[in-house]
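Engineer: Required output: the full structure, derived from the provided sequences and hints.
Protein chains: 2
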Amino acid sequence: MSLRTTVDFLLHDWLKVNELNQRERFADHSRETFDAVLDTCERIARDKFAPFNRTVDVQEPAFDGEKVILPECTQDAHNAYVASGMLSAAQDFDIGGMQLPYTIEAAANAFFACGSVSIGAGMLTVGNANLLMAHGTELQKKVFALNEFSGRFTGTMCLSEPQAGSSLSDITTRATPDGEEFGTDPLGPRYRLKGNKMWISTGDHELSENIVHLVLAKIPDAQGKTIPGVKGISLFIVPKKLVDLESQLTGERNDVALAGLNHKLGWRGTVNTLLNFGEGKYPVRSPGLNGKGAGAIGYLVGLPGQGLRYMFHMMNEARIGVGMAATMLGLAGYYASLDYAKSRPQGRPIIAGGKDPASPQTRIIEHADIKRMLLAQKAYGEGALALELYCARLVDEQHTGDAQQADEARLLLEVLTPIAKSWPSEWCLEANSLAIQIHGGYGYTRDYAVEQYWRDNRLNMIHEGTHGIQALDLLGRKVLMEEGRGLKLLAERINATIERALPLGKETAVHANALAQALQRVGRATKMAWSTDVPAEALANAVPYMQAFGHTVLAWIWLEVELASLSDSAANMGRRHAAHFFFHYELPKISAWLNVVETRDMTCANMAEDSF
Amino acid sequence: MSLRTTVDFLLHDWLKVNELNQRERFADHSRETFDAVLDTCERIARDKFAPFNRTVDVQEPAFDGEKVILPECTQDAHNAYVASGMLSAAQDFDIGGMQLPYTIEAAANAFFACGSVSIGAGMLTVGNANLLMAHGTELQKKVFALNEFSGRFTGTMCLSEPQAGSSLSDITTRATPDGEEFGTDPLGPRYRLKGNKMWISTGDHELSENIVHLVLAKIPDAQGKTIPGVKGISLFIVPKKLVDLESQLTGERNDVALAGLNHKLGWRGTVNTLLNFGEGKYPVRSPGLNGKGAGAIGYLVGLPGQGLRYMFHMMNEARIGVGMAATMLGLAGYYASLDYAKSRPQGRPIIAGGKDPASPQTRIIEHADIKRMLLAQKAYGEGALALELYCARLVDEQHTGDAQQADEARLLLEVLTPIAKSWPSEWCLEANSLAIQIHGGYGYTRDYAVEQYWRDNRLNMIHEGTHGIQALDLLGRKVLMEEGRGLKLLAERINATIERALPLGKETAVHANALAQALQRVGRATKMAWSTDVPAEALANAVPYMQAFGHTVLAWIWLEVELASLSDSAANMGRRHAAHFFFHYELPKISAWLNVVETRDMTCANMAEDSF
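Chains Z and G, in that order, give the protein sequences.
Numbering-wise, this note's numbering puts 272 at position 256 of the first sequence, and it's gapless, one number per residue.
Numbering-wise, this note's numbering puts 485 at position 469 of the second sequence, and it's gapless, one number per residue.
The hints are simulated quantities; they were obtained by calculation from the structure and are not laboratory data.
Any given hint could be a false lead.
Distance condition first, Cα-Cα at most 27 Å in a straight line; then the derived BS3-like pairs of lysine-lysine [claimed, not checked]:
1) G:Lys371 / G:Lys297
2) Z:Lys241 / G:Lys371
3) Z:Lys210 / Z:Lys241
4) G:Lys210 / G:Lys241
5) G:Lys371 / Z:Lys504
6) Z:Lys605 / G:Lys605
7) Z:Lys522 / Z:Lys32
8) Z:Lys605 / G:Lys543
9) Z:Lys543 / G:Lys371
10) Z:Lys371 / G:Lys257
11) G:Lys241 / Z:Lys371
12) G:Lys158 / G:Lys241
13) Z:Lys543 / G:Lys210
14) Z:Lys371 / G:Lys543
15) Z:Lys371 / G:Lys522
Structural biologist: Structure follows, in structure tokens:
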């Protein structure tokens, strides 16, 4: 089925997203306005993104000493995206937004990721601006956020440093009050920043008039000391070019310098940078400071010491975004290999004694193993898409539901976000490998699209929190928080689906029972992991735990989808088949993963370094 | 442990390869001569291969219209490899060979694959020449094979065509008798070939004086018809440049033209080509034929119709070679990520309530999940290496053992070869992905080696018979042949290991029992797959069957290695740890794979095309 068919089914037949229109915030919307948004995004993705996916892979970003050079198609795609209005899809009408549910925004953005994930469609800019809307001053919103929503400026998130990737408590970027200017700038408490930030996507380019960096840094005390751990981290707005209160460029550049481009395995359409803040390449004078104010000018957001909390405020959406990107790469490979399998002749039907040389050649889609590889991709990709849209729907519940709905949605999101981020990163990457395999030798060449999907997708287990970090978050925090309420709530939702499925037919009942067992097993493993209350023992197998947890969640999602696909249309039969595949081929894998969790297996943790 | 430490351990402490020296063929050899060969290869690989692995990835083969241009390091590496004598490692002393056991040859070649798999170390040339030694005439051996062993000529295997990859019965290359010249050429029955051959590695280059193509083609009858299926396939020697009976170049070029270079995801150091045979780019006149003899000149090898059988004669070694390449890529990534993990500081120890901000940073090798990813790589890579060397040892048994040993070795190889080829292709690729993961964002850049290993390794599930083909071979032929004698023999060997392990200690006994259960389960699944005697049902889940079979074989190999590692040296404790890992984390996976085999699950096979 086409992406659009699947998206429409999930949004309407399954998630009943139109029900959101009964809420005040979305009252002006209807199926028609939602469809119009999807139509527009589908069209732009088809015309301005997909045809250039290989171009941006081959014409990597380059730095000529002054500017970052990107292929023209990137600017075209950016302009088309800006023109679509999607940057302010979720914003209020009165600031020019479309006031759309996040579910629709996420679904619409999926088309761009499917067309070309690395040309990029403004996720960072929107995340940046959303953060300012939540925690910035009115002037910061006006000067920075609104210009990001309009596409005039773009935004980045500057967290990692060369020596500090997953361990943000170890960042060394420093922010010191900007002397006499400190309290006088209407844009916020004014600091000077010095430090290096690594892995900054869209960190430098000429696509927009200005770049708004949101930078994590530590504020030293009078003795030059900082608070250890994440509590010492603050957040700053550091524009590439200085602006006035009307958000016009002053003509002066801030001291943010491109120190290098990262040359990556994939995702090459997105410029990824090492940035130097305040090293003097573009010195900014402060009146009356005699050069003491050296450093990049930054405006504090909110309160000191709250930087990471503000950053993580938007983390759920950011991680859903990564999961969605992984998902769309998985589906892009699925569609490509499905097309290929339908047209490539190879081999003959298997009969007793071998292949039948008298038969005409079959197309490879007629071979059971090719079907297995296609069905696995469908189960991974469409399952992941369903999960991401489910999570997006929870975001809407959190923002617009009543108090109880909102609280439950928040809690469910806490538990599901590590899965929404990690599961597609792992399994849609596997899907891309299967897409290559279906193409045979051709899939290993750059003449076909699938090898690039596989390379692009390999990033998703790394950025926005590695697989290992997600697993620690899940087993070390999320299933424990509020005395396990999140896990309990998820179990209730899963059990409700099981109850619905049991009476509906033989097959759904079998699946429901298998899911019930899996859920019980995950619950037991959670308890046994923590039964000694020793974090090092509980968390030694956090990743296998997350894999099993993820497969259980996906089995639930597939059962949900199955219950929405009971008619015998070709599309619904395909979805039921994929659900069947997931229950037969995938869910049983959890047993091997949970074995080591339940026994708190210390084989890995106890390995001596000199024995490797 | 270093590759050399592991190789030495496997060859001597485990496989007792010195015992081969008691056989007449290897009587002149000793531990010292074996060590000298390994020393030489280790040194050349370190000096001429490893430093240039990135170079050959970046400087892809290019065609200037006349010649294929390769980076200079490729010629240097080729020359050094030729000078090592490894091309004739296994040949008789009296033709200038080293008369080495294949086990030593395979182990020595492993160093080159670890250094740079795609610079290539003559595997195709040796395979080509070996085939001629087995099936060629004395003159064909002298003129072609001996010059390949000396490195003057290189060799290719031309099987696939653009429209026929896995289905060789559908090749369309034609060979017609060369008129009056047919029976008069001392080099063999002379044919003219026309057709296109795809995916031909080392198909064109200037590394050697000449290239000896071994080409599969069909001989039409007087009506122009060919025998359908593989029985119509014959084998031809088609030199790039024509030679005289003294193997000197005549100065005339044969009609073999480079039609294109394949631009691949990885393995870029090896030129991979589309070749046109007999399309007239380099016409070769035959005296007295008035141009009727157009086509590339080819000399028949052996008998007509036996081409595929001859080609497959060498298939075991070729597939062990692929498995070994995959293995060495896996280990190369393991060593790189182990180094990185030992030196990269990141994060802090986990204590109750989270991470301990007061502790100094740990190196990432101290984190349990990093250890898990290292131990998995070790278990995959060293386990695969042990399997490959075990299979190589069987090749020696087959060639130099007594009648019963030889017959059993032959049969075991039939069963094990699909695993030796497929298992490392799948799991050492996974190892490479883990090596990237350990490097975090850095692993995703081309500044580190690991992304290239991952790209290079993706080929191995495709070439020399795809994963799907290996699985059909295993479940459709190998476990059935000679009334299941191969499978029975393997089970006997595994049971012998189990018997040895049971009394040796608590841990080995636990592993032995787990292995016994797994073996029983595989046996049962084999029976149940075929219980309806319907090939389409039995083979619908051939790949999951092969995955489970492979994991069971590897568990056996790890138990074998464990039994050879009972002392408490750091290296032996590491091996026992890896065995433990395999039994705890990996072997339990077989259950999910075998479920669908035992039930002859037709979920995939029954999926309707319009439901995808």
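Engineer: Can you list which hints this structure breaks, lowest number first?
Structural biologist: 1, 10, 12, 13, 15
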